[in-house]
Amino acid sequence: MTKTYTPAEPIWCAGCGDFGVQGAIEGAIAQLAIPKHDIIIMAGIGCSGTLQNNVGTYGYHALHGRVLPTSTGVAYANPELTVIAVGGDGDAFAIGAGHFIHTVKRNPNFVYIVMNNSVYGLTKGQDSPTMDAGAAHGIDATRLALSIPGASFIARGFSRWSRQLQELTVAAMEHVRAGRGFAFLEVLSPCVTYHDTYVTWEGMLENLDDDPTYDPTDLAAAFARGVALEAQGRMPAGVIFRSDGGAGRKIPPAMALQDIDPARHIDRYNDIMSSYAV
Amino acid sequence: MNVAIKPEPSGGQAAARRHFSDINVMVAGQGGDGSLTIASLLSALFAHRGFHLYSTSNIASRIKGGHAAAYLRASVKPSGCMGDVIDLLVAFDDEAVEIAAPAMAPDGIVVFDSSKGPPPTGVLADTIRVFEIPIGRLAVRDLRRDLLKNCIGFGVVTRILGIDDKDAEGSLRHRFRRIPEAAMETNIDAFRLGLANADENGLPAGDSPWTVDEGGREEHLMISGNEAFSFGFLVAGGRFYAGYPITPATEILTWLERRLPQFGGIAMQAEDELSAINLAIGAAMTGVRAMAGSSGPGFVLMQEGVSQLGSAEIPLVVVDCQRAGPSTGMPTKVEQNDIGTMISGDYPRVVLAPADQGDCFEMSIFATNLAQRIQGPVIAALDRALSQDSTTVKPFDLSGVELDTGKRLTPDEIAGLKEYRRYLITDDGVSPWAVPGTPGGENLVTGNERNEWGLVSAEPKNRKRMVEKRARKIESVRGDLPKGKRWGDADAAIGLLGFGTVGAVMERAAERLAKAGVEVQILQPRTLWPVLDETVEFIRARRRVYVIEHNAIGQLAHLVSGGGAPKERMVSILKFDGTPFRAVDLVDFILEQEASL
Ligand SMILES: Cc1ncc(C[n+]2csc(CCOP(=O)(O)OP(=O)(O)O)c2C)c(N)n1
Ligand code: SF4
Ligand SMILES: [Mg+2]
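From first to last, the protein sequence lines stand for chains H and G.
Take 1 as the starting number for the first sequence in the working numbering and just add one per residue.
Take 1 as the starting number for the second sequence in the working numbering and just add one per residue.
Heads up, some of the hints might be wrong.
Calculated pairs, DSBU-like style, for lysine-lysine (alpha carbon to alpha carbon, straight line, at most 30 Å) [stated by the list, open to error]:
#1 G:LYS483 to G:LYS77
#2 G:LYS418 to H:LYS36
#3 H:LYS3 to H:LYS105
#4 H:LYS3 to G:LYS461
#5 G:LYS483 to H:LYS3
#6 G:LYS515 to H:LYS3
#7 G:LYS461 to G:LYS515
#8 H:LYS124 to G:LYS461
Ranges between beta-carbon positions, derived for each pair [claimed, not checked]:
#9 H:THR6 to G:PRO326: 44 to 50 Å
#10 G:PRO326 to H:HIS195: 51 to 57 Å
#11 G:SER457 to H:HIS195: 26 to 32 Å
#12 H:GLN258 to G:ASP480: 40 to 46 Å
#13 H:ILE251 to G:LEU424: 55 to 61 Å
#14 G:ARG192 to H:ASP267: 27 to 33 Å
#15 H:GLN126 to G:PRO411: 42 to 48 Å
Rather than coming from a laboratory, the hints here were simulated on the basis of the structure.
Computed from a predicted model, the values in this text were never measured in an experiment.
Don't be surprised by glycine CBs; every beta carbon is placed ideally from N, CA and C.
Whenever a hint applies, use it, and build me the whole structure from the sequences.
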């Protein structure tokens with residue numbers, strides 16, 4: 001066995017919600033028995049954007065706000081990898097908000113876990129776009145995602161509800177590994193240092209996974225439930241929406257493994273060249 | 001700038017019937033009505049005759065309407081740029097005449113579409129002959145299709161050039177060989193209508209005002225820099241491209257969108273340039289040869305991504321088709337004004353500047369391989385003219401292309417290692433590279449400073465070693481970086497220095513300077529960063545070097561003086577009005593300077 005880097009110890013404050021997310025990812029990897037070298041964790045910049053150092057898989061530390069396009073590039077170029085993107089709510093919905101919309105629409109095969117704490121933890125507690133003193137919470141990215149054609153998996157977890165969080169992580173990973181597309185999992189992951197919301201958030205959540213009448217394949221119902229809950233100052237948790245729309249798509253083989261030797265393609269290259277002949 | 005000598009007439013002598021071995025044609029009118037395709041019909045005609053070609057256009061940044069012009073230079077010897085003057089103008093409106101007038105050769109000819117009346121008076125020199133033919137009216141009245149103006153006009157022009165009617169028709173048929181027979185005949189009818197009207201307007205067959213040479217050139221490619229660069233990337237194994245539409249880089253995106261999927265690759269139109277470069281970074285991390293491209297404002301948006309490539313050590317080609325800036329600037333005009341951006345920031349990178357359209361192919365292959373070798377950004381500096389203008393180049397040597405994978409590790413090589421550190425400190429600065437998916441190669445890639453294992457570290461000693469390691473990568477390839485193109489007298493005391501699109505203009509100017517008794521040597525650097533010794537030596541060895549560039553502050557001059565070249569030997573010749581340098585501009589300026597010194 002080749003010795004590689006020793007996974008780092010988390011740098012988070014004791015009690016930080018991000019521990020729960022890391023636990024769920026590690027649990028899901030073990031549960032699905034995916035070899036670590038077949039996984040790459042793509043991280044944003046923030047407290048949350050250090051998770052990739054702690055797991056032992058391939059890891060990448062993206063630019064702030066750019067984890068989605070970078071992960072899309074990885075997922076398109078090597079569909080054999082299991083790509084897990086992680087990051088904060090500032091990364092996702094402020095500096096990277098434009099990419100979020102387009103990524104949901106493109107529906108590439110990777111998991112995106114946003115650790116939402118409503119603050120910029122790393123830069124010491126400024127408000128993020130999910131913070132809003134008036135409403136229950138600011139931007140609700142699950143509903144934003146619902147509004148975009150192409151959305152294929154939308155879920156919300158809570159970092160303290162660890163069993164469900166692992167289930168949701170497994171479901172998201174299975175979704176992408178089956179080639180169904182982009183799996184968006186927002187995790188309410190409180191920042192104990194700048195905005196401790198464990199109690200308030202837990203009180204606001206309604207767990208849809210416990211409601212046998214809820215049909216997560218019904219887009220209109222998913223919207224209606226989100227709106228109705230918000231009116232009561234509450235929000236949904238669990239699998240909010242899933243669609244098989246992306247199933248059966250043709251996925252190209254890993255480009256990195258293709259034969260690019262010019263000699264192999266010389267006839268076709270010559271054809272292209274002769275189209276310019278004068 | 002005073003005009004010290006008269007612009008050189010293109011070819012031939014000023015006899016009653018001029019004979020051309022080098023001719024400049026302009027076709028102008030309102031954009032989008034198809035009339036400009038006369039230039040491409042003429043291009044096919046001259047190609048058929050074995051001429052070298054250079055074609056460019058001047059199009060307002062809008063879709064339809066607005067003044068537009070197409071230019072063609074056809075010459076027996078390769079030119080690589082437009083000439084000083086316009087010999088033949090085909091004008092579809094008054095504005096075309098007004099715009100062209102100052103550049104018209106005194107003994108030039110104008111074909112004017114007189115459908116709406118005679119050409120404006122007092123604009124053209126008296127020595128210029130004007131043929132008034134109602135091209136547009138003929139197309140609509142006799143053929144019921146405005147679009148057929150092009151073939152009518154083509155017919156008239158071939159009579160001016162003294163082309164045999166049968167040869168002209170043959171060239172037209174060749175050009176339209178892929179269209180349906182009925183459409184072909186409609187075009188031929190229009191062409192004949194043009195001939196009939198030439199007959200009536202003093203241009204009978206067999207008695208033309210002008211004649212043209214036979215070229216005798218061997219088979220070439222007629223290709224633009226963007227096409228050649230895209231093709232080179234494909235041949236070099238490039239399989240992933242991302243960009244966001246922007247003039248004049250869009251053709252790279254469209255070319256690769258069409259071709260890459262045929263070879264198992266992808267070209268992506270991103271939602272913005274921030275996304276584009278990061279998409280490409282993601283693909284590149286997996287080991288795919290990737291590229292991102294843009295122009296001025298979009299290239300600036302990509303800068304954080306380029307710094308990430310430098311810091312995190314990810315191979316990527318970034319192509320910048322420069323245009324007139326700053327900011328949105330003049331999207332369709334030529335400039336070379338991003339050099340400052342290309343070299344900014346404290347990280348290693350190589351900046352290459354293809355010399356001409358043909359070199360775009362070679363340099364694209366070189367850039368794609370080099371990115372793999374240095375595991376970092378390789379920037380290609382193109383410019384509006386080089387990117388979009390087409391010219392005849394020798395066919396590319398496809399059989400000689402080799403791929404260099406640098407220090408990329410195979411799965412077997414990794415399995416044989418005791419340990420693997422992504423950012424291992426090495427003598428040449430390049431660390432062995434394991435791509436995701438390889439057992440035993442697990443690693444952390446980051447733009448943060450980190451230790452050899454990829455774990456974040458701001459420890460001062462480590463920081464210093466890492467910065468130095470990355471810097472060594474450039475030193476280790478310095479000797480292999482592309483040397484510049486040189487022409488002229490190696491011992492000349494006067495030098496001309498310029499890159500990209502300026503090259504051919506310098507060459508044309510040097511020929512004329514030599515005739516005027518001023519011998520010069522030209523260096524056209526193909527590596528801008530790092531500044532190569534040859535560039536510094538070139539300036540040191542000469543009394544004076546004219547640094548010729550398309551920007552307002554002399555960015556190339558700053559660059560080479562920063563690289564150690566003596567400032568006091570350099571004289572800048574700058575042009576930033578959106579129009580390309582003409583050889584005559586350089587000749588005038590240099591002769592005047594040399595006379596006064
Ligand atoms: C381009 C850029 N702008 C600003 C920063 C500074 N910065 C680092 S982390 C961060 C916010 C992080 O907030 P969030 O994404 O919510 O992550 P958290 O720390 O809360 O997990 C900011 C603004 C940066 N690294 N890069
Ligand atoms: S500052 Fe907040 S988000 Fe950051 S580690 Fe501490 S608790 Fe977590
Ligand atoms: Mg946050």
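Inset, instruction - Check each numbered hint against the structure and report the violated ones by number, ascending. - result: 3, 5, 6, 7, 10, 12, 13, 14
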